[in-house]
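Please put together the full structure from these sequences, using the hints given.
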Amino acid sequence: EPEVTQTPSHQVTQMGQEVILRCVPISNHLYFYWYRQILGQKVEFLVSFYNNEISEKSEIFDDQFSVERPDGSNFTLKIRSTKLEDSAMYFCASTLTGFYEQYFGPGTRLTVT
Amino acid sequence: GNSVTQMEGPVTLSEEAFLTINCTYTATGYPSLFWYVQYPGEGLQLLLKATKADDKGSNKGFEATYRKETTSFHLEKGSVQVSDSAVYFCALSGNYQLIWGAGTKLIIKP
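Same order as they appear, the protein sequences are chains A and B. The letter at position 52 of the first sequence is residue 154 when you use the numbering used here, and the numbering goes up by one with no holes. The letter at position 86 of the second sequence is residue 1142 when you use the numbering used here, and the numbering goes up by one with no holes.
Calculated directly from the structure, the hints in this document are not laboratory data. Heads up, some of the hints might be wrong.
What the hints assert, rightly or not - Some chain B residues near chain A, calculated using beta-carbon distances under 7 Å: (1) P1096; (2) G1097; (3) L1100; (4) L1104; (5) W1156; (6) A1158; (7) T1160.
For glycine and all other residues, C-beta sits at the position ideal for the given N, C-alpha and C.
What follows is the structure, given as structure tokens:
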């Protein structure tokens, strides 16, 4: 069964450094998403992406964040200058259509020290 | 705006007990509704879904019915197992995103 994959599984970085989180969505899916979950808290939407542009973004997704689909398979989330409060689990998701179930990757745990 | 409210946890039950986790929502239009499960140390897995009023989603013995009149999507299981211990999230489809409840931690004791 096709699945969403994410790399790395765990990333440790120092405050102020740039990080890139990578995702490979399911191959025929058209909509891509990033969510985050601070430890023990609810899942928060960051951004959705369709047809090579952002469809929707939350207040969390400020100028420090960017997304890109550099080729036909990868979908990346970049945080330009990490802060301590960016420490969280980041989940990538994809779906074939915009309003049905999203399929999630296993997540990347980002730790900012 | 759209929102999802779940009962607070943790919910602690004995094995073979009946489970209900309450979920209510506020939404414009006719969203799809989902339950996702997160096992300890793992990612988010779709448990079940319902796309229109009166639909019943079911999977692995879990069920939830989309009730438009009460704006609810309660999760039920007739007989829980220790392996059902996890965090359960109710979610609805919004504008190019899923809108999530806070999650309910379920603990099943042998």
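Here is how each hint holds up against the structure:
1. A distance limit of 7 Å between C-beta atoms decides the matter here; for B/P1096 the minimum to chain A is near 12 Å, and the interface restraint is violated.
2. Checking B/G1097 against chain A: minimum C-beta separation of about 10 Å lies over 7 Å; hint violated.
3. Satisfaction of the interface hint for B/L1100 is found here, the shortest Cβ-Cβ separation to chain A being roughly 4 Å, below the 7 Å cut-off.
4. Checking B/L1104 against chain A: minimum C-beta separation of about 9 Å lies over 7 Å; hint violated.
5. A least Cβ separation of about 4 Å between B/W1156 and chain A falls short of the 7 Å threshold, and the interface hint therefore holds.
6. Contact between B/A1158 and chain A, as hinted, is supported at the beta carbon level, the nearest pair being about 5 Å apart and thus within 7 Å.
7. Given hint, B/T1160 at the interface with chain A, is violated; its Cβ is 11 Å from that chain's nearest Cβ, farther than 7 Å.
Of the numbered hints listed earlier, those contradicted by the structure are 1, 2, 4 and 7.
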